[in-house]
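Peer 1: Residue-level listing of the chains:
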Amino acid sequence: MTIATSIDDACAAMKAKPDALVLAGGTDLMVEVNRGIRPINDVVAVGRIPEMRGWSREGARGEVLRIGAGTTCADLTEPTIASLVPALAQAARTVGSPQIRNSATLGGNLATASPAGDTLPVLAALEAEIELRSVEGIRRLPLDEFVVGVKDNALVPGELIVAVRVPVLDGPQEFLKVGTRNAMVIAVASLALVVDRFGKTVRVALGSVAPIPVRAIEAEVLVAERLDFDGEVPPDSDLVDQFAGLVADAARPIDDHRGTAAYRRHAVMVIAGRALRRAFPGSSKVVE
Amino acid sequence: MSMVDTATVQRTETPTTRIGDSAARPDGIPKVTGDFVFSSDLWHDQMLWGGTLRSPHASARIRQINIGPALALPGVHAVLTHEDIPGSPDFGLDRPDQPVLARDIVRYEGEPVVVIAADHPDTVRRALAAVEVDYEPTKPLLDPTLAEDAPPIHPDGNVIRRIHLRHGDQEAASRSDLVSVEGTYEVGMQDQAFMGPESGLAIPDGEGGVDLAVATQWLHTDRDQVAACLGLPAERVRLTLAGVGGAFGAREDISLHIHLCLLALHTGRPVKMCYSRDESFYGHVHRHPARMWYRHYATSTGDLVRVEARLLFDGGAYASSSHHVIANATCFAAGPYRVPSADIEGVVVRTDNPPCGAMRGFGAVQSCFAHEAQMDRLAAALKMDPVALRRQNALASGDVIITGQRITGTLPVVEVLDACAAHPSAAGGPNEPMSRPGGAGRTADVEHIVRGEAVALGFKNLMFSEGFDDSSEARCVMHSGLVTVTTACAEVGQGFVTLVRQIVGEVLRTEEVVLEPASTNSIGSAGSTSASRQTWMSGGAVQLACEAVRRDLLARVADQYGVLVDDLALLDGRVVGLPNGEEPTLASLTVEPIEATIVHQHAPTLPLDDCGQGDAHVSFAVSAHRAIVDVDPDLGLVKVVELTTAQDVGRILNPLQALGQLEGGAAQGVGLAVMEEVKVVDGLIRNPSFTDYLIPTALDMPPLEVAALIEQPEPGAPFGAKGIGEAPTISSTPAVAGAIRAATGLDLPRVPVRPDDIALASREGRVSPEEAR
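Respectively, the protein sequence lines represent chains C and B.
Okay, so the first sequence: first residue is 7 according to the working numbering, each after it adds one.
Okay, so the second sequence: first residue is 5 according to the working numbering, each after it adds one.
Simulated from the structure, these hints should not be mistaken for laboratory data.
Just so you know, even glycine gets a beta-carbon here, dropped at the ideal spot from N, CA and C.
It is possible that some hints are incorrect.
Stated by the list, open to error - EDC-like, lysine to aspartate or glutamate: derived pairs with alpha carbons at most 20 angstroms apart:
hint, chain 1, residue 1, chain 2, residue 2
1, B, LYS683, B, ASP696
2, B, LYS683, C, ASP262
3, B, LYS387, B, ASP556
4, C, LYS157, B, ASP696
5, C, LYS157, C, GLU142
6, C, LYS206, C, ASP262
7, B, LYS683, B, ASP761
8, B, LYS387, B, ASP181
9, B, LYS683, C, ASP261
What the hints assert, rightly or not - Covered stretches of chain B (in silico footprint by chain C; criterion: 3 or more residues with CB under 8 angstroms from a CB of chain C, positions within the stretch not fixed):
hint, stretch
10, 637 to 645
11, 686 to 696
12, 754 to 764
As the list claims (entries may be wrong) - Rough simulated footprint, nothing fancy, chain B against chain C, three-plus residues with beta-carbon under 8 angstroms:
hint, stretch
13, 95 to 101
14, 184 to 195
15, 263 to 276
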């Protein structure tokens, strides 16, 4: 086992031991190891690499937020970062229990690439860029090229997720997650909605209703044309219903033991409408 | 909570722990700090690790088992099949119908086929993977409605038991002026979801016998089953209770007990086994899924006239305690109401689904869900208040239940109902986003929520029924002032270890108490820790043994000092009342020990006759719950906002522990109402983990308001106390389901209520948030 203290160390160890498992928070990995379905020969632990944890602003106006892959879900709910990417904080808050959130990392959520990964719809809506490192150098992939299938990602052997870049947007953000328990539950359906007032766009992505996070592009286009981005006039019921319907159309859900496809499609429709109303409450209402 | 606080304050001034005190559990702090030794912590320096190979099929023929590759692995000490069982090849709680290891057929997914002992858990894992079992999958029998007519999947047949209970005038419903309501209800398969998975350690004694430390509910019946399968006389198999991490019925059956002893005797080495969480879902029985058709008849003024019901329980592949579960479901099918005429058919069948057996509430849970839904439906048909309808028909002491048995003890049905229904609600509005339906997922805003409320009653027997010869043995020895109590009562979390100290304090007025480890070698059977029976049975045995010691002690003092026994009393470790003012200590009086051993039996019961009639039960208990729920109808998500309860307890022995039972039981009932289900598809469990078998979190279980604990001492029960562990699980589920119905206007004939059941239900009849306001 290698306990890396720098990204270079970690990459060197991963090069030397191509079949080593990368251990960060361990909240996904150790479950599989303990269940005996993930053979474990060697481990590169990346939980003690200071440069992988925390976040910084980049760009001339600080318009890009770079978040270290080792940043925990608990870290993501801290007020400062939560004010920059509220939907990411909301998603991180829905992950597991406090113990899990203290350990689970953003990079781990990406590496697992579960269809139900709670932060993934938010990263998809934000059009996040994933920064990968290996001894060969740096590779940057947009989220939709990084998550390629059910629990499948674009990492090549020896490559480590080191950071995520997301834009700091001017506008409300919402993350809603449907599960059959009021906490500590795997998403049956989830939705992230982010508003860019400057660009006059709304971006929506769904979780748990397809093999990978999916964007609801048609719904985005519809509302971009018709919304009042200055926030004076809330969307009318007709617009909300059309938006919600298009969002539901983007879902490609399946039946499984956590929920039926019919319910999942219905649920994303419901939460899409609610998310839009929350984001555009009109001048008379205050965002909660 | 106030009830507990008051009681504590009033009682702590007495020096010795007494009955009625909120005495703290001796194992409470060690359990919280991690110092308590659970069965999974057992260790022996020379021990091997055991593992079990299970059937991946719900139904298959075994053509061949090749253990060679597993046995050839370094570190593997034993690979055993059915051929290695020296005694009875089958075991079972009621009847030996379940193979210790499968022979030619497997009848459910997870059935044990091979057991292995090796030097390391990883070696065990590799060895299990190396065993070659050639299965020929066969068509499983999965639908319980087809079981009766299907070819038998077991030599004992597919009907485990049928009871056709008929009570009163069978023509009672032929009148034309009656109101009737009909419904078909369904209960999903619930798991006991204890925290400590099955585990144990078997140590061969070197002379052909074996010692087994295991977490269980009934040491002596385990011992008898293990010994029979090992082909040993009972005394050469000794069981000791290991630290139990919860039971709730799931430890009544044998799990790894026989496997461990086989491996230990075969290898001559201590062997430890500990199921993983996933394996645990295959390693114990579950609550029976049930389909129940009901028809209630009442007069137009709300007097119940007749109840008809057909109950079909899926017992899964093996009998376990199905025989008794269906009896309870049938006997209590009509609830705590006066029902002059009844026709109830209860059938439990065998299928290739996971075996089902004991779980807290034991058959009464399923029928209570149905009869309480029926009572609400009847109230609606009669345009009556549902509480008033229940009150009007409530059973009371002296009444006759549908088995023809007259209730001779206490049964405060009206009292629990009134206390619960009248209790002021403290529920606030759904202002806090996290406390709305959907919780941390932030799915609901205030305008999406509707609220509903309902009350339900639950009714069950206490202790074993139908003529079962039930006893508990206890020994009390006072030596140099120290009281040593010995019983084989399994402490599974119910608080017997606390109660023993309270009983000794009450009877012998001393805190100097040692409770010996529960074991089959030191004393006779305590019976099972189930059926709400141990406080009555083993508690009663301890009480009687302590009283015998007290009598002998006072006789000794009377004799020694030449005074009358009646003038003497015990106080704080001394004998008082001697005319000379002397107060000899218990220590000085018992240099020569005083000992008493008692076998305690409850009043005898009788079998049910062909019509399901007979004085089959010892005692009865009733409970009430009121649930207030918030529902998000569009998403079908539920938040139980408040639960209020009142319960028939006979007498409160320990207010703090009573509250613990009420809270824990209600949480299990809430779980069954809204989320807990073992999902079985094609005979295969789809969610064998706590990731997907959901149990309530702190955001799902609301504060429990205790409206009243009705203390009407039960004749014949020690201190008048009724068992209280099961009732909270029975009435909580229908109360929550009823409240969801009230909120949504939907029928919801099935628990757990799934989001689909609400959100995708036909909009017809459904209450929308706008309409509700």
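Peer 1: Run every hint past the structure and note whether it holds.
Peer 2: Do the hints match the structure? See the list:
no.	hint	result
1	B:LYS683 <-> B:ASP696	holds, 9 angstroms
2	B:LYS683 <-> C:ASP262	holds, 10 angstroms
3	B:LYS387 <-> B:ASP556	violated, 64 angstroms
4	C:LYS157 <-> B:ASP696	holds, 18 angstroms
5	C:LYS157 <-> C:GLU142	violated, 25 angstroms
6	C:LYS206 <-> C:ASP262	violated, 37 angstroms
7	B:LYS683 <-> B:ASP761	holds, 16 angstroms
8	B:LYS387 <-> B:ASP181	holds, 16 angstroms
9	B:LYS683 <-> C:ASP261	holds, 13 angstroms
10	637 to 645	holds (count 5)
11	686 to 696	holds (count 4)
12	754 to 764	holds (count 5)
13	95 to 101	holds (count 3)
14	184 to 195	holds (count 11)
15	263 to 276	holds (count 9)
Of the numbered hints listed earlier, those contradicted by the structure are 3, 5, 6.
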